[in-house]
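As a plain string of letters, each chain reads:
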Amino acid sequence: MTLADHLTILPIAIPALAAPACVLVMRRRRRLGMAISALSCLLMLAAALALLARAMDGTITAYALGDWPAPFGIVLVADRLAAIMLVLTATLGLIALAHAIITRADRKGWHFHALFQFQLMGLNGAFLTGDLFNLFVFFEVLLIASYGLMLHGQGPARLKAGVQYVVANLVGSALFLIALGLLYALTGTLNMADMGARVAAIAPADQGLLRIAALLLVSVFALKAALAPLHLWLVRTYAVATPAVAALFAIMTKVGVYALIRVVPQVFGESAGAAAFVPAPWLWPAALVSAVIGFAGVFVARALAEQAAFAVIGSTGTLLIAVSGWQVASLGAGLFYLVHSTLAAAALFLVADVAARRRGAFADSAAPGPAFADRAGVGLAFLLAGIGVAGLPPLSGFLGKLMILKAAAAQPQWGWAWGVILGTTLIAVIGFARVGSAVFWKTAPEAEGPPAPASRADLITPALALALLGALAAGAGWASALAEDAARQVLDPAASARAVLGRGAP
Amino acid sequence: MTYEFLVASAIGVLVAGGIYLALRARTFQVVLGLTLISHAVNLFLFASGRLVLARPPILAKGVNHYTDPLPQALVLTAIVITFGMTALVVILALRSFLETGSDHVDGAIVPCDGQDGMAESAGEGEAP
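Sequences listed follow chains A and B, in order.
Just so you know, the numbering used here puts 416 at position 416 of the first sequence, and the rest follows in order with no gaps.
Count along the second sequence from 1, then add 506; that gives the number in the numbering used here.
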């Protein structure tokens, strides 16, 4: 076996090696630990790009861990969708890490870098795995790391929100296990491709149990994706987390969406007989409601970070409006919007932090404060991030929303989707304009501004995220074609089953 | 009464108690509730391999009926994870109580008073 054969496991192996190395060297040589962490992110990006290059022509690579053949062993599956998500994770990880190092947020605790690497390992593993129980394990890895990262920096507000976050996710994990137990009892397998083949043969008497298992599984993914009415944990958690961490968390809700996109067509797809697309009727209204709640939250938020957290909910809702169509066109548009909305939400969290660092006691509250340093530059970054999240031209959110609208027009209830997406865009624009004018234009007369920060280096990372949004808009033709190819591959579970199981799927 | 009925009702009772406790306002009850739920989940996962008595889990000559070893491996993983998570949430609840002076889950700042027994026991501890 050459290195190329093992490429699939590198996105999991690199952070798994880097994290303990960080723990070991951090106490004595802080800079070395930071270098290891940054190098690991760069290597992950390289590995993810190599995987994307390999998956580009539609190859589905199955990697049997320990060389145990599927469905008996655990497999990792790298297809277009997984490769896109890996590249997105590595890019976002690099930006968030750079922001943490530049703003010295990583120095508030000893184990920031180790937890950060474990978080990336959990994310990468969740995107790669082809086994349902393994998905649970990687979910736990990323959640446990996220508990540590969320509490990084500590303080009463974080601890209070942390308890709620941990409790909500523990209940979610328990439900996940119950769903897995039901599915295993019904099908006798945990491999997703194998399960998809066996679900069709389930006896009519067991269809009720299968539906319960499917809906439980979807509820768990909806909890991770912060889909209404399971979104209540998100806002407080994301708003109080260290901003660099919150920027990375922008992809955590997308893991839930990814799991939905992966599991529903493969296990409960068209071949599932009576249980085909069981969750579909529930996802659609929930997605509409989350889009409304999220962007209404953007409208009423009292702080920049809170606004960004609500924007995450709203963009996940918009994304799931597209996904719940389960057609190639709508899913492709959704995947394009997924990449965009993750980067846009991260940019918004970073801009909120940059502004908060310059406003002294006013922090990121949406009230007129002192005239702070670099006001024009930070204001411009906020304007662009707001444009990105709301989905206005010229950034890629506009194209993403346009494609979602176009794909939704082919569906029977397109009026609801159009009304909600266009209405929420308007609400978001007004919300961003209100907060932006209060923070960047108005000045409280008696407010005393803090001294100007020593360097403007912290503006680099939001600028980088915004530049990526611009690049995504410039390369939208290529990116949307790739997203559509990925969607076509995901909606063809038979091809994936052939690659994983090495035989023709029934 | 069959073995299945016993296990099923045990899971049901544990889940019911767990949900009741998890919906309480104070962190310690919530932690206990989560522990009960995770016990129920472990039992449930174990039962998903079917309940059979005195069957070997390992391939052997002359044996036709086996018990399924996979759910037992899954339960082991689940136990390890929930054990770690329970430890974390206990520490987290304690830190949260010490920093905010309130053990309410929903973030309402309700200082503990003598009614809870908190104030007295703290006073007694310091007295000598």
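If you are wondering where the hints come from, they were derived from the structure by calculation, not from laboratory data.
The model shown is predicted, which means the values in this text are computed figures rather than measured ones.
For every residue, glycine included, the Cβ atom is placed at its ideal position computed from N, Cα and C.
Take these hints with a grain of salt, some might be off.
As the list claims (entries may be wrong) - Here are the simulated distance ranges between beta carbons:
(1) Val289/A <-> His571/B: 49 to 55 Å
(2) Ala522/B <-> Pro204/A: 25 to 31 Å
(3) Glu510/B <-> Leu402/A: 52 to 58 Å
(4) Ala481/A <-> Leu538/B: 49 to 55 Å
(5) Ala566/B <-> Leu65/A: 45 to 51 Å
(6) Gly475/A <-> Glu510/B: 57 to 63 Å
(7) Leu557/B <-> Val300/A: 51 to 57 Å
(8) Leu402/A <-> Leu604/B: 50 to 56 Å
(9) Ala46/A <-> Leu565/B: 42 to 48 Å
(10) Leu565/B <-> Leu209/A: 27 to 33 Å
(11) Ala274/A <-> Leu557/B: 26 to 32 Å
(12) Gly518/B <-> Ala205/A: 17 to 23 Å
(13) Leu49/A <-> Leu565/B: 16 to 22 Å
(14) Thr573/B <-> Ala46/A: 34 to 40 Å
Against the structure, the hints:
no.	hint	result
1	Val289/A <-> His571/B: 49 to 55 Å	50 Å, holds
2	Ala522/B <-> Pro204/A: 25 to 31 Å	30 Å, holds
3	Glu510/B <-> Leu402/A: 52 to 58 Å	56 Å, holds
4	Ala481/A <-> Leu538/B: 49 to 55 Å	53 Å, holds
5	Ala566/B <-> Leu65/A: 45 to 51 Å	27 Å, violated
6	Gly475/A <-> Glu510/B: 57 to 63 Å	59 Å, holds
7	Leu557/B <-> Val300/A: 51 to 57 Å	53 Å, holds
8	Leu402/A <-> Leu604/B: 50 to 56 Å	52 Å, holds
9	Ala46/A <-> Leu565/B: 42 to 48 Å	43 Å, holds
10	Leu565/B <-> Leu209/A: 27 to 33 Å	29 Å, holds
11	Ala274/A <-> Leu557/B: 26 to 32 Å	27 Å, holds
12	Gly518/B <-> Ala205/A: 17 to 23 Å	21 Å, holds
13	Leu49/A <-> Leu565/B: 16 to 22 Å	44 Å, violated
14	Thr573/B <-> Ala46/A: 34 to 40 Å	46 Å, violated
Comparing the model with each numbered hint stated earlier shows that hints 5, 13, 14 do not hold.
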